[in-house]
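> Go by the hints and put chain B onto chain A.
Protein chains: 2
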Amino acid sequence: MRLALAQLDPTVGDLAGNTSRVRAAIAAARAAGAQVVAFPELMISGYPPEDLVLKDHFLHDCAEAVASLTVAADGILAVVGVPLDQGEGRISNAAAVLSGGHVAAVYHKLLLPNYAVFDEDRYFHPGSRVLVLQCPEARIGLNICEDIWYPCGPTEEAALLGRADLILNISMSPYHAGKGREREEMLCRRARDAGAYVVYVNGVGGQDELIFDGHSVVFGPEGDLLVRGPQFQEALLLVDVDPLAARDVRGKGTSPHSWPVEVVEVDPAAPAAGSPRVAAGAVPSPAATTEPVIPEAETAHIVPLLSPEAEVYRALMLGVRDYVEKNDFRHVVLGLSGGIDSALTACVAVDALGCGRVNAVTMPSRYSSAGTRFDAEITAANLGIELLELSIESVFAAYLDTLTPAFAGRSPDAAEENLQARIRGNLLMALSNKFGWLVLTTGNKSEMAVGYATLYGDMAGGFAVIKDVPKTLVYRLADYRNGLQPRPGPIPASTIERPPSAELRPDQTDQDSLPPYDLLDRIIQAYVVEDQSVQQIVAAGIPRVEVERVVTMIDRNEYKRRQAAPGIRITPKAFGKDRRLPITNRYRG
Amino acid sequence: MRLALAQLDPTVGDLAGNTSRVRAAIAAARAAGAQVVAFPELMISGYPPEDLVLKDHFLHDCAEAVASLTVAADGILAVVGVPLDQGEGRISNAAAVLSGGHVAAVYHKLLLPNYAVFDEDRYFHPGSRVLVLQCPEARIGLNICEDIWYPCGPTEEAALLGRADLILNISMSPYHAGKGREREEMLCRRARDAGAYVVYVNGVGGQDELIFDGHSVVFGPEGDLLVRGPQFQEALLLVDVDPLAARDVRGKGTSPHSWPVEVVEVDPAAPAAGSPRVAAGAVPSPAATTEPVIPEAETAHIVPLLSPEAEVYRALMLGVRDYVEKNDFRHVVLGLSGGIDSALTACVAVDALGCGRVNAVTMPSRYSSAGTRFDAEITAANLGIELLELSIESVFAAYLDTLTPAFAGRSPDAAEENLQARIRGNLLMALSNKFGWLVLTTGNKSEMAVGYATLYGDMAGGFAVIKDVPKTLVYRLADYRNGLQPRPGPIPASTIERPPSAELRPDQTDQDSLPPYDLLDRIIQAYVVEDQSVQQIVAAGIPRVEVERVVTMIDRNEYKRRQAAPGIRITPKAFGKDRRLPITNRYRG
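Protein chains in written order, with numbering that gives the first Met the number 0: chain A, 0 to 588; chain B, 0 to 588.
It should be emphasised that the hints constitute simulated quantities derived from the structure, not laboratory data.
All values derive from a computational prediction rather than experimental measurement.
Warning: the hint list may mix true and false statements.
Any copy, or any two copies together, can satisfy a pair, since identical chains are not distinguished.
To be verified - Capping the alpha-carbon separation at 27 Å, the derived lysine-lysine pairs in DSS-like fashion look like this: (1) Lys559 x Lys572; (2) Lys572 x Lys54; (3) Lys54 x Lys559; (4) Lys54 x Lys576.
Chain A with its partners taken away, still in its complex shape (with noise of 0.2 Å):
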């Protein structure tokens, strides 16, 4: 049997475009002989849609795009993630099945995720049965994302109960950090304790400050991996698996869950009878006349797992692009410093967009030092971008004197350098007006969780490339990019070495206000990522007066961040929708 995984990357919103591009990747599944191809959670509507979902005309025209697709499931098994009306307010995450030139069967989403970046209680009502499909060379049990995370949940009754020999099972998976690797754990569990093959097929993208990794994989019924897809990129997977050879090797017993099962029988070969080969789509495309791009259908295998490093890297290279692609904007610009964090937003822009699409601005003060100045230049040259050079000091002269009758007898302090950061911050959005060009903050997370950045200065911008990036990782993912060419690589040695400073006031470093670096970041990790205790993470062996310090920082820092401009998500506690804290809020602890 001939399966083909649509690992794909869907744009929120974007019905017709995602529609067209379903119907480009059937009819090149079906053109390799697959008998059965599969789409990502939600792939009509694009993951996810928020509060779309609670607009009717947006879910009628969900349903009109899935109608559209049905004359397309000629000779073919397509399974289609969209959001359903079932009528009654009811809205399921739904899996259409087409075949046979129509809707054979709908899977609903049974198990919600509401926590971390999920709200689908919020959207959604779960199903309420577990489906498997029957077809002359297998049975097939459907489910979706979630459902396939819980033990003894609807993988394993669809195989145990509903006697399905293989579990397909879409997703869009919110990627962090090593997320893949638990994502592979968790299927080889699957499958042995089912005793049937996983075919797990993840969408890939980015969406705001989320990135999904694709990484799509096929597990054999003995938890033997077939089938890795690729990290970060679509891809079109052809695997062919023998489901009934399996059927020996399953062990027997029943599911604690008491979901009941429903079997439809289903045939892949069925024509779509009666209707013209290429639908005249119900929901008409804009891109009509332009061919839809879709990935080339390849023979899948075994695709190596990138490093730590890489992994990151790709996660914000995939995030810059998408972002920047599905706003439709040309060009980024950003402030180049000298220092590090600009220097590794400037290599991921560089690597998303091509340099030609990327603009960096330098723009000394009087507390600019020659190296950061120079440091700033030689990446822009190792680039290949322009870099714009505009002094802040003309109009940081003009605010002082502005303000003199009002500052008149206070000593400079936090308002002096928060200045310079916002003329800085306003120069840029100056470009952006003008030129249409989207800024890229530079910030990382270390900075963003104490608040070590100017709000309206070096915070000025819309996507935070580094937002969640602590700066350890930083310099890791430094050395990192410049290991990916002969030396010297584009980030130069005295950006690397030199001991971080915002240069705002003669001779500061990060150091005189913060904890050093590797503390700092095991503090966020605790606090933030891990919802420690202060207790907690002294018992760790912390000293607490950092820990105070720090933990202060990051709780009076909160009405900070709610200002800050989205950026990507790759930890599994970033500073955005999977953290919600009040600004108003006296606990400490």
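Just chain B now, kept in the frame of chain A:
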């Protein structure tokens, strides 16, 4: 039977402060002869505690706070809302019933809202039984907020199956304009359907974007309004009821729901044997040396409802006061342009905080008219607030000069306009940084909707007072405020009558780029608040060209709103946590 309704204003995360106020209110209620005193939903933690509930140590501290209160339940029964960890990751939104010096019963909220501004499925497991407290003088059915909103739900079940004479509901019900009336209608029906007294205790206060309006009520078993507490202020309301007299009024019937009903016998008069009257709190209060301030106990009556404009105005005042106080600001600052939005914002700030805690800044440019500059001075003088004048001209000139090489050959456009707004934002932020003042932003909902505001410019600030007030309502509120005192009111007639303008280029008015505000506000109401499609709005009689133009502007400006300051919600759907749309979103409909 004498009840005390403790309509208090908790602070999120201030466990010690909230607990000490509960302790004081229990004592005051007992002193006033009450047998039962009830506090709002999640009184101990404040509402909503959001991800604080995911911290084990936070839940532990909440449990300790409740334990520390038990000894206060000495000859009085107290019902206190608190998040409770029941073990195995099951957290409930609970009401602890304290009587005779111990926790006599615990109710767990049955119906958890997970729509609009609510995320309770993220945090809580629902309870599994209806609770009825058997007291000598009444059978009290206890439930929490959402529980009472559904017909044939926990309320009817407690009354009809559990033979409760009185339903006690503790709430933190987020306000929007007119919500109080909706709530009264619902509670009236519920009392009548249940044939029982309904005692509804609602908290009060501002928490980030949410307002809680107090407005506690008591309905008799025939749906007659017996008591209405004040809106938008704290109160400790004493109510005498005779629930046993209602017994014969109540209809008999069965509830379609099937939660088991648990009846717990309690005696409000039971002493806290063996415990000292004044507890040594397990949670130390930082203000333990000073007496907590609680409202004086007063006999409740039917307080008249505020007018629609007065209601919103009071909501805004409360929102400002609580955001400022709970975040420990002493002083606020805002830009006063001479326009109506900033004038109204200044009135709200002064009415909330007093004129001594508000500073205004006028920041004229070459495009500022003499009229608006004069109006800013008049408004400040009328309100008795200090007005600082900072011209933006020299800074603007310095920016233009700095950008000359980059902008060569381009004509002035939004880039130069936004620069002016950003200079003003920076000046306000400089004052904020230097003096620790909170910057209030002054943009209204109509502008926020269509993006008629400058990111990091007039959008810069910590709290957005009229962010959810449509422009048409801004005018009504200005008239209302002016009418509160002998003519002329604080806002000059010329400010109200002048066509609105951002004054960022010569002879600019808002209507150059926007439809008339009455039309704009109708489209916003339909598209944003009611989730109507373009098609539906056009069908309602608004020209398609205007609808499409406005809807496109609303969609395109999602990225700006994502970086906006939090602000006060006064409509059923604000641009806050109740509207979660993707930034990357190609859906148009």
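> It remains to establish, for every hint, whether it holds in the given structure.
These are the hints, each one checked on the structure:
1. Lys559 x Lys572: So Lys559 and Lys572 pass the 27 Å test inside a copy (18 Å) and across (24 Å) alike.
2. Lys572 x Lys54: Close across copies (14 Å), not inside one copy (29 Å); limit 27 Å.
3. Lys54 x Lys559: Classified as between: cross-chain Cα gap 22 Å, same-chain 31 Å, threshold 27 Å.
4. Lys54 x Lys576: both (21 Å within a copy, 17 Å between copies)
Of the numbered hints stated above, none is contradicted by the structure.
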